[in-house]
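With the hints as extra help, turn the sequences into a complete structure.
In this note's numbering, the protein residues as written are 252 to 436.
Just so you know, the hints here were simulated from the structure itself, not pulled from any lab data. Since we're looking at a predicted model, the values are computed, not measured. Some clues are possibly wrong.
Claimed, not checked - EDC-like mimics (lysine to aspartate or glutamate), calculated; alpha carbons at most 16 Å apart, straight line:
| hint | residue 1 | residue 2 |
| --- | --- | --- |
| 1 | K332 | D394 |
| 2 | K380 | D420 |
| 3 | K380 | D394 |
As the list claims (entries may be wrong) - Simulated restraints on C-beta separations:
| hint | residue 1 | residue 2 | range |
| --- | --- | --- | --- |
| 4 | G351 | T388 | 20 to 30 Å |
| 5 | A381 | Q358 | 12 to 22 Å |
| 6 | Y382 | T314 | 34 to 44 Å |
| 7 | G410 | Q358 | 33 to 43 Å |
| 8 | A381 | P299 | 29 to 39 Å |
| 9 | L430 | G285 | 28 to 38 Å |
| 10 | Q331 | I419 | 19 to 29 Å |
| 11 | G410 | D384 | 17 to 27 Å |
| 12 | R312 | D384 | 37 to 47 Å |
| 13 | D360 | A313 | 33 to 43 Å |
Cβ coordinates follow ideal geometry from the N, Cα and C atoms, glycine included.
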Amino acid sequence: MAKMVHVTTLIFALAAVSTAVPTASSQKEIIQPGFSFATWTESRITDPTAARNVEALEKYRATQKRDTKRKRQTFSSCEQKGDQPALVSDAVECVQELAGRGAEGQQCDVSSAAKSQCRRRFAQIVTVKAYLDRGPTSMNCNDIARAVALILDSCTRDGMTVTGESNIDSIAVHLQEPLILKAFD
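Next up, the structure:
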C-alpha cells in the first residue's frame, strides 16, 4: 500500500512537471513578434538617434494585432479618467520628449499632488502623488517615459487612442486627455 501511494505521488509530480516545462510550441505562444513601445522607449533613452516618434507609430501600425481589446481588459489600469481617451500619436510625442529629457539626466518634479509632465494636443502625462510627505520629490524623466510606454503597450485601443495608469513606487503616472492646464502647473 505504501508503494502504491509513492508511485501515485510520483505520477502526479511528473504530470505537474511535464505541464510546467515549456515546449517549443508554448514558447511560440508566449513570445509575440511585433512592435513594443517599451522597447522603443528604451532605445530612445540609450540612443537619441533611434527611431523617432513618427517611425515608431508606423512600426506599431504595421504590426498591430487584432487582440487589443483582450489586452486592454487584462491590464488593470486602462481606466479612462476624462471624457475622451488620448491620441496615441500625441502620447508617443510625450514619450519621446520625456526620454530625451531623461537621457540628458533631467529630473521630473513629482513633489506636488498632481503635475503635468508633458502635454501634446490630445494627450497629457500627469504624475499623481497620494502622500505629499512620502516618496520621492523628483525622478529621472526616463522612468516616467517607461511607465507611459507600458500603458501604450497594454492599453492602446482601436482607433489609435489610449488611456491608462502605471505606478512607479508611490507615484501614479496617468496617460489621459488633457485635464490640467500648463498655466496651473
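Each hint, compared with the structure:
For the hint linking K332 to D394, the alpha-carbon distance of about 21 Å lies beyond 16 Å, and the restraint is violated. Using a Cα cut-off of 16 Å, the hinted pair K380 and D420 holds, with the two alpha carbons roughly 10 Å apart. For the proposed pair K380 and D394, the alpha carbon gap of about 15 Å is at most 16 Å, so the pair holds. Remark: the range hint 20 to 30 Å for G351 to T388 is upheld by a beta-carbon distance near 22 Å.
Between A381 and Q358 the beta carbons are some 20 Å apart, a value that agrees with the proposed interval 12 to 22 Å. For Y382 and T314, the hinted distance range of 34 to 44 Å is satisfied, since their beta carbons lie about 40 Å from each other. Restraint check, G410 to Q358: a C-beta distance of roughly 35 Å satisfies the suggested window 33 to 43 Å. In this structure, A381 and P299 meet the distance hint of 29 to 39 Å, their C-beta atoms being roughly 33 Å apart.
At roughly 31 Å, the beta-carbon separation of L430 and G285 lies within the given 28 to 38 Å, and the hint holds. The given range of 19 to 29 Å is respected by Q331 and I419, whose C-beta atoms sit roughly 21 Å from each other. In this structure the supplied range 17 to 27 Å is violated for G410 paired with D384, their Cβ-Cβ distance being about 41 Å. Checked against the hint of 37 to 47 Å, the pair R312 and D384 passes, with Cβ atoms roughly 44 Å apart.
Taken as a hint, the range 33 to 43 Å holds for the pair D360 and A313, whose Cβ atoms sit roughly 36 Å apart.
The structure does not agree with the numbered hints 1 and 11 stated previously, though it agrees with the rest.
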